[in-house]
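Each protein sequence line maps, in turn, to chains V and E.
Under this note's numbering, the first sequence has 19 at position 19, and the numbering climbs by one with no breaks.
Under this note's numbering, the second sequence has 527 at position 280, and the numbering climbs by one with no breaks.
Keep in mind that the hints were calculated from the coordinates and are not lab data.
Watch out, some of these pointers could steer you wrong.
[As the list claims (entries may be wrong)] Capping the alpha-carbon separation at 20 Å, the derived lysine to aspartate or glutamate pairs in EDC-like fashion look like this:
hint, chain 1, residue 1, chain 2, residue 2
1, E, 475, E, 485
2, E, 575, E, 507
3, V, 197, E, 607
4, E, 382, V, 34
5, E, 544, E, 607
6, V, 116, V, 182
7, V, 172, V, 119
8, E, 337, E, 531
9, V, 181, E, 379
10, E, 382, V, 182
11, E, 382, V, 177
12, V, 27, E, 293
13, V, 157, V, 107
14, E, 525, E, 607
15, E, 405, E, 507
16, V, 193, E, 607
17, V, 193, V, 165
18, E, 315, E, 425
19, E, 489, E, 425
20, V, 193, E, 281
21, E, 628, E, 496
22, E, 628, E, 582
23, E, 527, E, 335
For clarity, every value in this text was computed on a predicted model and none was experimentally measured.
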Amino acid sequence: MKKLILILLALFLVKSPAFAAIDWESKGMQIAGEIIANPAGFFYDFQQDLEATTPLPPGKSFGIQTSLFPTTIPMTYTNASLKVRLHGEGRIAPGVPQLDLIGGYWDMLAAKMATKDSETVDSAKFGGYYAGAIMSTSVSPRVRTFWGYKRSVLKAKLDFKAGQEPEFLGTKVNSFDTGFKDDFFIAGIETPKGINKLWSIQLNYGLNTQTFSSKVSWYGKYFELGLNIFPEGVLVFHPVWNFHLNF
Amino acid sequence: MKKLLLSAFIAAGLAGRLCAASAEDSKIFTPFFDMTLSEAAFLPSEGNIFSGGNINTQVGLLSKITQKDQLFALYNFNYSGAGFAPQDSKQFTDRSMAHGFNLEYRRSVTDRIRVRPGVGFNRGYSRTGANEAWKNGLYNMNSAGGQLAADYIFDEGKNGYVTLQYLLRTVTFPNYTDLLREFQDPANRASVNGGLQDQTMGQVSLRPAWNKFFGGVTYTVQNYKNQKVVAASGVYGDTKQKDTDTMLDFGFHHRLWIFEMYPMVSYTMHESNQNFMKYKFLGDTAPEFAASYYNFKEMNLSVPVDLNITSKWAIGGAFSIQRRAYDKRYARNADNDFTTEKQVNTMTTLTGSIRKRINEVAMVRLFGSLIVANSNNKFEKYMPYNYTGNSFGLAYQLSY
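Next up, chain V with everything else stripped away, as it sits in the complex (with noise of 0.2 Å):
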């Protein structure tokens, strides 16, 4: 395997014309632009790595999970979900799906320390919550289907200190106050990886805004690890660990 990937760096990642030199310092500023320019949205998405959108496990009544990555660290997103089943798969008759409620809070710890300790923020408030519902069904015994629906709500606000506000771009920020709220509709994908070790896709998909992402994920007993995807956020990538207990 590690042959094949070096073939492979070989072939395209070598210089070759084809290459121009990166020019980080721009990209920087591209993406600190944005930032500003959707302050909410960057934030929203690192809600929705915390977010606790697969079903429960068969059998399973309900479950806690706490974000640690990239949300508790580096960003201080101090979190809690909850899942709790309503209805088990075929419990009340043959085929009815299983319904899980789900839900969560966060509060960015940053923000609370930065209006107590630092010298040019006046006052800051970052923090949202997320409810909904999730529908499981199995299509085969190693298959099963979820769709879904959150509420998902976000606030961002921050205040600088007169005399002490930063310049970007030649331009003063006094102070932002911004926010995200959107209905989402959810689809998912779940199959079995191993024995206890569950692999699953989603889309969500937000209503209003048309904001969207594509959650990659793998799971066992304790721990998530995924890779959700947000192709018009500013950082595309967010690799996810995630603690999780169901009982």
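Go by the hints and put chain E onto chain V.
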């Protein structure tokens, strides 16, 4: 326009795909799920690195009402992100997104003949590198219409069938405005916002498939409701614009020992009665008239091969080429003057990849591509015609 044609050809392609989705005998409901996503970094020979991706999600449900009657509902989400694109199609930073809803009733008339009437709705969004809100996209598009398809099954054992389909769509572009007319006559809003891209689209296709070989012929007509043809005098005449596309395609998906091949070839003839006025600069008082400017012949060839080294791992290689030759459009030199050569664009892509099959329904692929775009058109102020580029990315597919 490219997007509309693409959706038309996808609709034709879907005919076979949807036909292939069949109900399991023991079930009343059979779900259909297919999600592919890819994300890549692009390094053009000129310009800076950028990223883009594609997402295609299809979720459907096939309901068996009786032994002979079925209902198939399909939702399709498609996102096409920034990326290298064939010349004369779109800017690298243009993106589009579409929601499609299809409802199809299937009736088995005999053991070999099945008819499939249906309706379809589509809402498309477009976005440029300026990152305008999706709802404000200049080429946002809504379409609605119906279809009538008939399948003749000639070899049940090897999935051999022929599909004849007629499809009709009414297409509107609610945000479209003619920027040139707006510039020339800012007071005349009616001619600017009068639904100039609105059209009806009809399509007939005949597509046979057998033993994983497939192909067909697709004929598409676009009748513009308001857009007139520009005359040699430089003003719009009374004739409405009409475009047609005739496409022939062929492909297969077969395994030979450890080789897995799925090549495709298509040939498209595009004809339009629309002409073109070339303004060398804004305010040019002596624009040049170019008749039948949009007619072309296009060939697409794609040869992907996977070498299955184990049951899980495969090394992939793919070669693809797109060649578009305009019938009457002359190439331009760097000074925006027509030359004596007809314009020809080619885009060649060489891809290497590593594929891992996660299980029977899911796979992941890591890929790298070298793209070479060539054209004898050297006027590249607004759109690149001659460039090379590399892209690297990963793709996931989960299909049930």
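Would you list, in rising numerical order, the hints stated earlier that this structure does not obey?
Structure breaks hints 2, 5, 6, 8, 11, 14, 17, 18, 21.
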